[in-house]
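Protein chains: 6
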Amino acid sequence: MVFITRRASFSAAHRLFNPEFTDEQNERIFDKCNNPNWHGHNYILEVTICGHPNPATGYLTDLKDLKKIINENIIEKVDHKNLNTEVDFLRGIIPTVENLAIMFWRQLEDKIPNGKLFKIKIYETENNFVEYFGEPVEIKIFDYQ
Amino acid sequence: MVFITRRASFSAAHRLFNPEFTDEQNERIFDKCNNPNWHGHNYILEVTICGHPNPATGYLTDLKDLKKIINENIIEKVDHKNLNTEVDFLRGIIPTVENLAIMFWRQLEDKIPNGKLFKIKIYETENNFVEYFGEPVEIKIFDYQ
Amino acid sequence: MVFITRRASFSAAHRLFNPEFTDEQNERIFDKCNNPNWHGHNYILEVTICGHPNPATGYLTDLKDLKKIINENIIEKVDHKNLNTEVDFLRGIIPTVENLAIMFWRQLEDKIPNGKLFKIKIYETENNFVEYFGEPVEIKIFDYQ
Amino acid sequence: MVFITRRASFSAAHRLFNPEFTDEQNERIFDKCNNPNWHGHNYILEVTICGHPNPATGYLTDLKDLKKIINENIIEKVDHKNLNTEVDFLRGIIPTVENLAIMFWRQLEDKIPNGKLFKIKIYETENNFVEYFGEPVEIKIFDYQ
Amino acid sequence: MVFITRRASFSAAHRLFNPEFTDEQNERIFDKCNNPNWHGHNYILEVTICGHPNPATGYLTDLKDLKKIINENIIEKVDHKNLNTEVDFLRGIIPTVENLAIMFWRQLEDKIPNGKLFKIKIYETENNFVEYFGEPVEIKIFDYQ
Amino acid sequence: MVFITRRASFSAAHRLFNPEFTDEQNERIFDKCNNPNWHGHNYILEVTICGHPNPATGYLTDLKDLKKIINENIIEKVDHKNLNTEVDFLRGIIPTVENLAIMFWRQLEDKIPNGKLFKIKIYETENNFVEYFGEPVEIKIFDYQ
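Residue numbers (the working numbering), protein chains in the order written: chain A, 1 to 145; chain B, 1 to 145; chain C, 1 to 145; chain D, 1 to 145; chain E, 1 to 145; chain F, 1 to 145.
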């Protein structure tokens, strides 16, 4: 097994809050990230695929294809968007970087032509990042927006 | 003359538009950055001071003081904020990275205790940044928000 | 399971030597790092926590809390310090980057409020880094200093 | 078990093609990388070793030795070279980054003095990298050049 | 005056030699870079424009336009190419990073729609880069290839 | 004129204090950097040379020669050393990053074979760096050590 990773980036706005919490709870738990006027980030996304290289090409997967799949299924939907209100596959999700990683996995999981999706890694800032390997995780979908 | 630079970062939301343009004009000129639902960035700010080091300390300026000045006058006002609507010294300014550099200069210019403000550099993404050295530039203040 | 990482940095002095070795042995084995007048590094520390995000918040752990725990238990004790002589939890330890990773693990292991400590990663320079996942390792405590 | 990684870099030319494919096939599959006049990259190599630190030294392995082994067995053979035609241990191999990782592993596997080779990671550009952990993989050796 | 910079990258092969030198001279002067079988790099290019932002837009220049101009006039001509033999505007030029910067300047100089070309910066590796501001420099065109 | 820069790095220990100050003064002014037990950094040094490329080679200066000059005159003297007590050309100098830049300039100024020394840039941490262009600056030499 070999692991190949493609890096991409996008810039988006978001706000962290739980519509079932009081304002005080949202303020206490999400702090600056709860700003109702939004804030944003340059996110860096790394998508890792694992599998056996094809002996005839030495390629595990064609990175041009992988780039296109990442662009169509993720980047074009989130880049220069509001993650709370404008992204179909994030509707009702609190857009923490943990939840973004889980939802990006679900978005890509069955679209990898060669090899298998192994990891989604997202940097939210230069000081924090999340990694997700597809294990079952409960995620709550709210009726917000 | 010696030049010393302090780096800081902040995350913010913004939208680029001119309230005197039609929607079509804003769309054509600002493209993705005109999204009315906002987007955002992790900005990196570098503030450069020039002057003569004090022979008794070897310091041009105390970086702890400079850090505090940058935090109080810029970072605390823009971090996790909406640059169009929440920042006093950006009111009515189209928050392009060019304009941010100019307004950050004006914000810091007369607050440097030792040495002189020499340059404001801001990275908006890893692929574009602006540098401003304080030369007179016309900037328009709109009645928006 | 999701993995979230917080990055921090610190600057410290150290010297590598075994007090039971002869000067010749220390010189041969630790080479430049054996300088009795000390040298130092900007270390970069990454602390990775794993667990299930809380469905009500989308947070695996509150990064503000994690940052505070890392600061109080590690950064404040090692930043701008001498790793051989000034750090309580490193007393008698040869401060190789391997041993720092092990001792930082022991320092944080039982202080993570949500999730479990998964990995300590430390960059000593841009060309070498160590990763430690908590497996039992023998470490020798010398009577030095 | 502790994991220690040494980073190195090299600059090389290569071309991706399968001598058993038609020109059209090579063009379609390898695209820009099939340029018969060559292109090249600054590759970044990370070699990770795992094992138990020696309690007498706190070292898992002596990084000076590891650096020398990486230089003699890899860097001196590939740096400022043509990966298709000039590297003994790559003869007949399509020099994709996947195949480089596999062949670098085979090159280093039995030469690590303390600890065990755990991972080869190679960045081909800032946007793509491969990781290989030594699992059996079929690789085809062509009669080319 | 404000300065705005756009970053791009390309991967290419090259060889340094003067066709009027003997093999011994080329070997002595250009060393590893004289390899007749080529080597290559991931180059990073930064193009800096200076001028006055348009008060109606806050833009010094539209970065989408600048990106397009850089792509059409430089990146598409050099990316995944052989700099000695395949690039029209480099024909007969020894492709040192100094000469690349000068020729890229000449390529872009009169194509900037708003503002003026101020600087070309090129990283050849992470340890060396060149900056050129358009001052007259003699450059020799050889009859090679 | 073209500008070429070579990057190098070194790791060293230091302490900031003025032997003519009281302990209270040193503590107040230099704060954490005044730790009498030392601390240290991974410094990054960039040396910039300017001049006209030689038309026969396309080289402004031979980077192999420049690297050797930087190594012999700076890196070998400061790497894995104590900047206060072990470096001949820093004797009696308070080793702030401002003073290091000035003294490195004086160390290299008359040793550049082709072109002219234009700038010394030193990163002390990822958040602060100094640039010096050789203008006359007063620097005090103390009798310490």
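Everything labelled a hint here was simulated from the structure, so no lab data went into it. All figures in this text were calculated on a predicted structure; none of them were measured in a lab. Mixed in with the good hints there might be a few duds.
As the list claims (entries may be wrong) - Simulated pairs of lysine-lysine, DSS-like, Cα-Cα distance not exceeding 30 Å: (1) K77/B - K119/C; (2) K119/D - K68/A; (3) K121/D - K111/A; (4) K64/F - K68/B; (5) K119/C - K77/D; (6) K116/C - K64/B; (7) K119/D - K64/E; (8) K67/F - K111/B; (9) K64/A - K68/D; (10) K67/D - K32/C.
Q | Violations among the numbered hints | A | Hints 1, 4, 5, 6, 7, 8, 9 are the ones this structure does not satisfy, whereas the remaining hints hold.
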